[in-house]
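A.B. asks: Using the hints provided, position chain S relative to the given structure of chain Y.
Those sequence lines, one after another, are chains Y and S. All letters in the first sequence, in the order written, are residues 206 to 397 by our numbering. All letters in the second sequence, in the order written, are residues 9 to 79 by our numbering.
Note that these hints are calculated values from the structure, not bench results. Careful, some of the hints might be misleading.
Claimed, not checked - Pairwise CB distance ranges, derived in the manner of DEER restraints:
(1) Y:V381 <-> S:G64: 12 to 22 Å
(2) S:A62 <-> Y:D294: 27 to 37 Å
(3) S:R27 <-> Y:E240: 42 to 52 Å
(4) Y:A287 <-> S:V41: 39 to 49 Å
(5) Y:V279 <-> S:G64: 42 to 52 Å
(6) Y:R207 <-> S:L44: 41 to 51 Å
We put the beta carbon where it would ideally sit given N, CA and C, even for glycine.
Listed below, chain by chain, are the residues.
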Amino acid sequence: MRIVFCGVGAIGSTAAVLCRNLEATLVFIDFDRVESKNLRAQAFVKPSVGKNKAEALKLQLLNLYGVKAEAFGVRMTRDNVAALGASADLLVDCFDNQESRLLLSAFARAAGKPLVHGALAADGTFGLVRWDERFVPDAEDTPGQATCEGGEHLPLIGQLGATLARTVQDFVKHGVRRDTLVGLVAVTPTVS
Amino acid sequence: MTTLNITYNGLSTDVPLERETLLTDADVRRIAVELLAPAQTDSFQHYVVDRFRAPGGEERIYLRPKVPFGA
Numbered sequence: 206m207r208i209v210f211c212g213v214g215a216i217g218s219t220a221a222v223l224c225r226n227l228e229a230t231l232v233f234i235d236f237d238r239v240e241s242k243n244l245r246a247q248a249f250v251k252p253s254v255g256k257n258k259a260e261a262l263k264l265q266l267l268n269l270y271g272v273k274a275e276a277f278g279v280r281m282t283r284d285n286v287a288a289l290g291a292s293a294d295l296l297v298d299c300f301d302n303q304e305s306r307l308l309l310s311a312f313a314r315a316a317g318k319p320l321v322h323g324a325l326a327a328d329g330t331f332g333l334v335r336w337d338e339r340f341v342p343d344a345e346d347t348p349g350q351a352t353c354e355g356g357e358h359l360p361l362i363g364q365l366g367a368t369l370a371r372t373v374q375d376f377v378k379h380g381v382r383r384d385t386l387v388g389l390v391a392v393t394p395t396v397s
Numbered sequence: 009m010t011t012l013n014i015t016y017n018g019l020s021t022d023v024p025l026e027r028e029t030l031l032t033d034a035d036v037r038r039i040a041v042e043l044l045a046p047a048q049t050d051s052f053q054h055y056v057v058d059r060f061r062a063p064g065g066e067e068r069i070y071l072r073p074k075v076p077f078g079a
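Bound-form chain Y, shown alone (with noise of 0.2 Å):
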């Protein structure tokens, strides 16, 4: 089982280590660095301040949980979609952008992978799980808009990020393929 999480910034970083106990490879594909201000909301430990984000997490996983990992410390374009979904059994969108997110939605649809989308608001009190058969990205109010790299919606981020290790969970062990809302006060599931 390889389970290929697309993006480990807050979301995929704080999903993927809550993965950690399944019997899978976890693959991490994320082309940018970690930075000083990500180490408040997203899983990463100080002496990977510089590293690709992908690497570090794999290290992280490997040395402190001996779990089965694998990096790639690239940007995912139409050129090489194919070539790094092609060995997943299940695809985790965690991208901060919506071009990435359609891109895999495609890749997905037209591969017959299995997808699972997991999406923040911009002002952090609202999350969505959602499973691409019944994925509809939301469109941007304005492009660019604030993301939650500051940490200050670090429970938020928790939440989501443990529902949607949940749902790849469920998956993994029974096949559900559970939709959920996620906000401050509860988490609805809407799907099974």
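C.D. replies: What follows is chain S alone, placed relative to chain Y:
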């Protein structure tokens, strides 16, 4: 009976709706404005309307903030 769930400013609530016709997205936003009476009537302009069928057959409508990307 339909249940409308509104998530606004980090809080979420269920509102029972008795209705005879289909509600458009604009109807849902108008109802939310009437219920919550926020200072600005365009508060829900950029919100998304999701519709689900509960296991018991009940229709549930969710008015929620957008999630254009992750963090």
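A.B. asks: Looking at the structure, which of the earlier hints fail to hold?
C.D. replies: none
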